[in-house]
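There are 4 protein chains.
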Amino acid sequence: MNKACLKFYCPDRAGIVARISEFLFANKLNIINLEQHSENGIFFTRIKWEDIENWKNEAEFQKDFASICDEFQGQVFVHFFARVQTCGLFVSRELHALAEILTKVELGDYENIQIPFIISNSRNAEKLANYYNIPFYYTPTKKDSFAHEEKQLEIIAKYSPDFIGLARYMKILSADFINQVGCPIINIHHSFLPSFVGARPYEMAYERGVKLIGATSHFVIPELDQGPIIEQDVARIRSGYSILKMKKQGADIEKKVFARALAKVFEHKVLVYENRTVVFE
Amino acid sequence: MNKACLKFYCPDRAGIVARISEFLFANKLNIINLEQHSENGIFFTRIKWEDIENWKNEAEFQKDFASICDEFQGQVFVHFFARVQTCGLFVSRELHALAEILTKVELGDYENIQIPFIISNSRNAEKLANYYNIPFYYTPTKKDSFAHEEKQLEIIAKYSPDFIGLARYMKILSADFINQVGCPIINIHHSFLPSFVGARPYEMAYERGVKLIGATSHFVIPELDQGPIIEQDVARIRSGYSILKMKKQGADIEKKVFARALAKVFEHKVLVYENRTVVFE
Amino acid sequence: MNKACLKFYCPDRAGIVARISEFLFANKLNIINLEQHSENGIFFTRIKWEDIENWKNEAEFQKDFASICDEFQGQVFVHFFARVQTCGLFVSRELHALAEILTKVELGDYENIQIPFIISNSRNAEKLANYYNIPFYYTPTKKDSFAHEEKQLEIIAKYSPDFIGLARYMKILSADFINQVGCPIINIHHSFLPSFVGARPYEMAYERGVKLIGATSHFVIPELDQGPIIEQDVARIRSGYSILKMKKQGADIEKKVFARALAKVFEHKVLVYENRTVVFE
Amino acid sequence: MNKACLKFYCPDRAGIVARISEFLFANKLNIINLEQHSENGIFFTRIKWEDIENWKNEAEFQKDFASICDEFQGQVFVHFFARVQTCGLFVSRELHALAEILTKVELGDYENIQIPFIISNSRNAEKLANYYNIPFYYTPTKKDSFAHEEKQLEIIAKYSPDFIGLARYMKILSADFINQVGCPIINIHHSFLPSFVGARPYEMAYERGVKLIGATSHFVIPELDQGPIIEQDVARIRSGYSILKMKKQGADIEKKVFARALAKVFEHKVLVYENRTVVFE
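Residue numbers (the numbering used here), protein chains in the order written: chain A, 12 to 292; chain B, 12 to 292; chain C, 12 to 292; chain D, 12 to 292.
A couple of the hints might just be wrong.
Copies of the same chain look alike in the list, so a pair counts if it works inside one copy or between any two.
Claimed, not checked - Simulated pairs of lysine-lysine, DSSO-like, Cα-Cα distance not exceeding 27 Å:
id : residue 1 : residue 2
1  : K67       : K275
2  : K162      : K138
3  : K280      : K267
4  : K280      : K256
5  : K275      : K258
6  : K39       : K67
7  : K258      : K154
8  : K256      : K275
9  : K259      : K280
10 : K275      : K182
11 : K259      : K14
12 : K14       : K258
13 : K275      : K259
14 : K267      : K256
15 : K256      : K14
16 : K267      : K138
17 : K280      : K258
No wet-lab data here; the hints were simulated from the structure.
All chains should be modelled from the sequences, with the hints used to inform the complete structure.
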């Protein structure tokens, strides 16, 4: 638990690794994992270390590190793994992605993660929420209306989660909601984006006769299904599969991709730069 | 070598398998492989058998089988594997897909397949063609002109190939060419269609930040990159990959997918129905 | 629901498909899916059809079909999909595979499947069993003793399940148990068999430095980890992964492979012949 | 071309990254890629940088770096990418792996790599060698004799290659040969090791009824098929595949895995420690 990581990016030049690693060494920390690369003139790194007693919390670290940010015109993000992170979940009628995440949290697959609430425009998930003792909020939605978002934002404000995960939540979020929510939103889309944007990807995939179906987990931005992609995967389908069978098989990919994307986000292995992600391994 | 297969489709109803298998049994043939399924009211099957001495050639078989087609309002295609099939190849500057196919033909990965000619708008492939003793035709192309197609159609007419494979041929074919060519054309597209239609898919994939790149082999129809898909596959890319590195990795997928698609076509495991393929295993 | 399938194998010869399909057609049934192939002189087929009103139950069908079995010296298995099938589950401390199956049953991913009981040598699964209202039996085990099997066989006898699934049950079954249990047992082994037989596959995989880890679902026979393989899959690991991280990633493969293997078994797409499976698609 | 990389390992402690990156920065070099992790108390890193004018060659760099090795009791390996590397190839009758590598070298998939010779105990590869203007040496082998190795060692001594690749060379190398050869030997084994060690893996895979077949590329050590694994991959097979069909499909995996393993080796992304590899991405 006594571990921490930082992500950092800045315009590339010589000496950045030396400067940061000296800073950590001067604080008697031992780097246990470091990844760095440069891309189009930008330097990206993620560094994980042990023994963080020098700083009481992330804010103190950030204060100490500010001079490095200034020197290189860079951005830093730091996380202390001893701190519990929370991820509120949204879901609609289909529960496979939600059940996968709740099972993983329960079985300890994610370290130090809690689910503070589940919000849904269906009552399908209520029983599951109760089983896990997670507060469940039913916020029904109406076509062409965003009136329900006010209540949702109130709930979110109450919990201040670190992240929100859309575990097959089938209502579009307004730009206002996205701007006000105050934390990153991670969605699972049921196709291999950018193919088959929108609400009926399996029908479109069937129509086009593709041989693999996929799923895409991405950060949500106001433009529908256009946010930075975190993780994708595919599964092979065979001739003769009905759309229903494609959906069933697709559900297995969706939940796997969503679970992996959340793991990456929870471990702070994802950095967003110009609507693309840098994903560290 | 003494084997044959038929593909058949018709409106679905009871008794079709019984009728066809009786016909084959009455001719003393032994079915060694049969796949059948129904989809949206259409019956599809592929049947492979041994011992075809009853008919001198495919045309004779087709004549005998005509009554079954009439009875079920169906379409049949038959192939005797003892007959050599030919596949003319088109290529531009990049040779990886071409080299893969030529190597596979040479090493006997495809049964009874010959490459009668290579046509190219670049001289890059000439040395390779000479090594394999395959006639090479250089047909230079000009922007916004289809004048070169006349010469190409003459060459094709001379050889009457069973198939044409576009092994990364980077010039669009005119609708006239496609209609006159007289055999199926199989293309390898350097993306996971329908994502990234057109000429610069890796650049588009990089821009969008996808986590898997792919390749798609499809039959060519006049609408660009819209033909029935035969085979697709993907490969994972990592953060920090340049477009060049994506292209190199993509080339490996392209050649693999193209080689597999041709294998399916050469073995008559692909049937086209309403711009989608039925692919038998 | 009004569907059925048969699996059949016999020494290969001409006319078998014709004979069976005539039989079905004579009973006014419509074949919706058929797969057949011959391998080493043995004919294997699976046929699925609609409309089964001719027979009250599977036993009646089998009686009618007996003459075909006699004629070809073959074995037939038939299943009417309207009949509910039951699969008892065994588990030890680790719950990921169990949770996956229970979720899939709950969400309707398997058709007409019920879980009649959960047996465990740990109390870990009890809460989950209660949530799903599945009778839970705690049968503690002792090292080098098979005394607990008597109680387990009593429980099984009470429910007469169609199948038993070992969802990461970490106690070896005695040959007596396997012989007396009266139904197929499907296990999930946490390695890519035949690599790493036994109890510590991830440790062995780490030691050997393999680049992919896997999971194998197989029917249980008295010889440990030697039964007919139903399904396998792998996942890539990276340098620097600890054994713990390999186990976490492996758990995702295990549950996926187990879920797929059970789906194949429940749909009667698996046929065992000479300690190998024929798996229909 | 003006790039270089180093691989380094030593007992882990704080300050190593700082020390090395300061050294590089003091030499005015810009790190463009860095990967580091610790495993069981050992620190491993690979660092790639631009602008290497400070040193005339790798030996000079190594001399300058010696103090760091001493300080941390570490081992360093350095490569300047401007230097051409050579890889001699061995092959027997089957040419798919050889053809793949030669094509990749020809098409520029590997940077700055040359194939100085091909040695074979069959004449099958001679035509291919001639096409690429690569000296071909025919060294016939006899059962239970290693007499041919003397001649092979002479040829190798003449060229002093950086690496030797066994592109499906089906004769076991003696321990003497391996000890005297003077460079790493990379083999492609036609199974997913440690499954199916030895000469008939596809037959064994068929017999065992596995659902995936694989290939493994590894460094050669005197113990047969026991060397450090560099890369592995698998492909799905279907019921009804003959051993011949498995071999054909396996060949595609073999050549792909071998090509990838060589790429990793040529780019110095592989480090051997205690009979396991650390593979950097």
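Status of each hint after checking the structure:
1. K67 <-> K275: within (25 Å within a copy, 42 Å between copies)
2. K162 <-> K138: Only inside one copy: K162 and K138 sit 21 Å apart there, 33 Å across copies, limit 27 Å.
3. K280 <-> K267: Result: close both inside a copy and across copies, 17 Å intra and 25 Å inter.
4. K280 <-> K256: between (34 Å within a copy, 16 Å between copies)
5. K275 <-> K258: both (25 Å within a copy, 17 Å between copies)
6. K39 <-> K67: within (15 Å within a copy, 36 Å between copies)
7. K258 <-> K154: Within one copy, since 24 Å is at most 27 Å while 44 Å is not.
8. K256 <-> K275: For K256 and K275, only the inter-copy Cα distance (14 Å) is at most 27 Å; the intra-copy one is 29 Å.
9. K259 <-> K280: Intra 30 Å, inter 18 Å, cutoff 27 Å: inter-copy only.
10. K275 <-> K182: within (25 Å within a copy, 34 Å between copies)
11. K259 <-> K14: between (39 Å within a copy, 19 Å between copies)
12. K14 <-> K258: between (40 Å within a copy, 21 Å between copies)
13. K275 <-> K259: Both: 25 Å inside a copy, 14 Å across copies.
14. K267 <-> K256: both (17 Å within a copy, 16 Å between copies)
15. K256 <-> K14: between (44 Å within a copy, 16 Å between copies)
16. K267 <-> K138: Result: close both inside a copy and across copies, 22 Å intra and 24 Å inter.
17. K280 <-> K258: between (30 Å within a copy, 20 Å between copies)
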